[in-house]
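Chains as they are written, first to last, in numbering that gives the first Met the number 0: chain G, 0 to 337; chain E, 0 to 304.
Careful, some of the hints might be misleading.
[As the list claims (entries may be wrong)] Within a straight-line C-alpha distance of at most 30 Å, the following computed BS3-like cross-link-like pairs (lysine-lysine) qualify:
(1) G:K276 to G:K46
(2) G:K143 to G:K131
(3) G:K46 to E:K115
(4) G:K184 to G:K46
(5) E:K115 to G:K276
(6) G:K291 to E:K115
(7) G:K291 to G:K184
(8) G:K143 to G:K184
(9) G:K276 to G:K291
Keep in mind that the hints were calculated from the coordinates and are not lab data.
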Amino acid sequence: MSRRKLLGVPGLLWALAALGCAATAGAADHPIAIVIHGGAGVIERSKMTPEREASYRAGLAAALDAGYTVLEQGGSSLDAVIAAVRTMEDDPQFNAGRGAVLDQDGFAVLDAAIMDGNGPRAGAVAAVRHVKNPIELARLVMDKSPHVLLVSEGAEEFALQQGVVLVPESYFIVPRRVQELEEAKRAEALRARAPPVKGTGTVGAVALDRAGNLAAGTSTGGLTNKHRGRVGDSPIIGAGTYANNESCAVSGTGQGEFYIRQVLAYDICAMVYYQHKTLAQAVHEEIHEKLKRTGGEGGVIAMDPSGNIVMDFNSPGMFRGARDSAGRREIGMYGDMQ
Amino acid sequence: MSAYAIAIHGGAGAIPRATLSAAREQRYRAGLEAALDGGYEVLARGGASLDAVAAAVRILEDDPSFNAGRGAALTRDGAAELDAAIMEGRHRRAGAVACVRHVRNPVELARRVMEKSRHVLLVGPGAEEFALEEGFTLVPNHYFRTAERLEQLEHEQRGERVSDLAPAPSQGTVGAVACDAAGNLAAATSTGGLTNKRPGRVGDSPIIGAGTYAQNGVAAVSATGHGEYFIRAVAAHHVCAAVEFRGLTLAQAVHELLHQVLPALGGDGGLIAVGADAQIVMDFSTEGMFRGARDSAGRREIAIY
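Construct the complete structure from the given sequences, taking the supplied hints into account.
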C-alpha cells in the first residue's frame, strides 16, 4: 500500500510542476470535484409541492456551491466537505444539525464523521446534543485528539476544551420534527412491534481537491423516535463514511444498521482497489445487489481519485448534487436522475 | 459432523518475559484456559459459534486479570467505561455497546442489542436504559474497579511507565472467534479500552468491521491493539475483504494487515481469526499476545509470547 503511494507521489508532483510552468492556475492542473447528498428515502414527485422542491433545491445548491468555492480557491477537500456539510447542518430542512429528527425522548441526538483520504485519518462524534455543527467537532477529534471516535458527554467535554460554544437542545428542534415524532409514537402505540424505520435525511459530502486528496464527511440526527443512545452508520468509519486516496471516498445515507453490518463504504472501496472495478460498478453492486439482498434501503455518493462521481440509491429518491471543474453542475432528488 | 474450532485472546502488547512473574503468568494461563474450554464445551455439545464466543468472552470479562468487565482499565476520572461487540456470520447480524458503566457483562448486552433491538450500536446511558428494559441488573461502577487498575491509573497520571506492574495494561482487550460444526462463524470482543482514557473515547472493539467481524464462508475476526489505527484501517473487514476479493489465505490476509497495513499507519496489535474451514490464525506485531486455540482435531494450546 505504502509502496504504491511512494511511487505515485513523485510522479504527481512532476506532473503538477510541469503544468504549473505551462499554464496559470486553473482547472487545468488537476480536476476538482464535489458531490453531496441530503438523504435518501421516499422522495416522490407526486408528493412534493413546487415550493418545497424549490426550497430543497436551493438548500442543496447552497451547500454544493459552498463546497465547490473552497476547492476553486485552492482549498483542501477536507475544508470543502466541511463547508458543504456545515451548510446543510445549518439548514433546518435536512436531518442534521438544526432540524435533525428527534429521538424517543424528544431530543436531537447527533452523529458525524469526517475522513481524510490522505493518511488516512479520521474523526467522529456520536450522540452529542449541544454541538451546533457536529461535523466541525468530528474534524477537531481528528486534528486535535489522538482518538477517532468520541461519544456523548465525553465528546461535549472535548468540545468545551477545544473552545467550541455549546448551544441549548432547543436550538435543534423545529416544529416539523416534533410533529414527525408524535406521528411515529402514535404509529408505535398502534402496533405491538416497533414500526419499520423511515427513510432518513442524513447529509454528506465527498470532494477531490487540486492536490489530489479525497475527503468524505457525513452528519445526521439518525432515525425519528430512535432509542436513546442509538448510533447509526454515519459516524462509523468504513460503514457510512470512508476515504482513501488509493481507492475512493464514500458517504452513505439509508438504513444505518445495514450499512454497519456490511461495512458498506469500505466494501465499495475494497472492490475498487482489489477487484479493479470501476467506481460505478462497485457502487452498483453494493447498493443494488448486496444491500438489496439483505433488505436494506438507501444510497451513497462516491468519488474516485480521478474525480469520477457516482450517486446511486435503491430508494425512490435521494437529495443530491454534483459539481466539477469540467463544468458539470447538477442538483437531483428523484429516481429519474433529475 | 464437520470440524469446529475456537480461538481466544486476552490482549496484545509489550509482555516482556522478565516482568511477568511465574505466579502472574500462571494466573493468566488459568484464566485463558477457563475461557477457551468454556467456549469449546459449547461447540463440543453441538452448540452455536455465537454461544461459544459469548461464553468465552463472558468468562474473560469476569476474570479481573483481563481488561474487560471486572478489572477493566480505568478512565482519567477513575471509572470503568466498557465497550463490546458480537457478530454472527450467517446473516451477518451484529450488536454492540459502548461507554457503558454499569453492565456486568457487556458482551451479553451487545448480544441483546443484536437480538432484541432493531439497532446495531447503542452507547452511554441509552445503552444502559436498554439493558434495564431487557431486565438486566445493573451493578455499581466500583464492581469493575480493582486495586491493580487504580494503581496503574495513578502511575499513568504521574507519567510513569506501568509495564512493570502488569503486562499491557492498555491493551488487554479480550475476544473470541469460533466456527461451529454447522460451519457458522461468530466473533466477539470486549474491552475497557485505554488506561487514563478520556471519558467517551470509543476504540475499535465495538466498531463492526474494525475490531470485530464475522462473515460465513470468509472469516470471523477479533482484534486487540491500538484501536484508533484498527478503526482507520477498517482492520477486521480488511482481513475479510482480502480473503473474499483477492483470494488470499486467511493467514496471508492477517499477516498483511498486521505487518504491512497497520505499521504503515503507525499502529500495532494482534488479531485472532477463524476461517470457514475451522482453521485458526493468531498473529501479532507486539511482543506478545495472550491467546488460546482449541479445535475438534485435538489441538489445545495456550500461549503468551
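Has the given pair, G:K184 with G:K46, been kept, meaning a C-alpha gap of at most 30 Å?
-> Within the cut-off at roughly 23 Å; holds.
Between G:K46 and E:K115, does the CA-CA distance stay at or below 30 Å?
-> 34 Å, violated
Given hint E:K115 paired with G:K291 - CA-CA distance at most 30 Å = Given that 30 Å is the threshold and the Cα spacing comes to 23 Å, the pair holds.
Holds or violated: G:K276 to G:K46, with C-alpha atoms at most 30 Å apart = Outside the cut-off at roughly 37 Å; violated.
Below or equal to 30 Å on CA atoms is what counts here, so check G:K291 against G:K184.
-> Given that 30 Å is the threshold and the Cα spacing comes to 28 Å, the pair holds.
Is it true that the CA of G:K276 sits at most 30 Å from the CA of G:K291?
-> With Cα atoms ~19 Å apart, G:K276 and G:K291 stay inside 30 Å; holds.
Distance restraint between G:K143 and G:K131, which requires alpha-carbon spacing of 30 Å or less = 18 Å, holds
Holds or violated: E:K115 with G:K276, Cα cutoff 30 Å?
-> 38 Å, violated
Straight-line alpha-carbon gap G:K143 to G:K184, limit 30 Å = Answer violated: G:K143 to G:K184 is near 40 Å, above 30 Å.
Hints 1, 3, 5, 8 from the earlier list are contradicted by this structure; the remaining hints agree with it.
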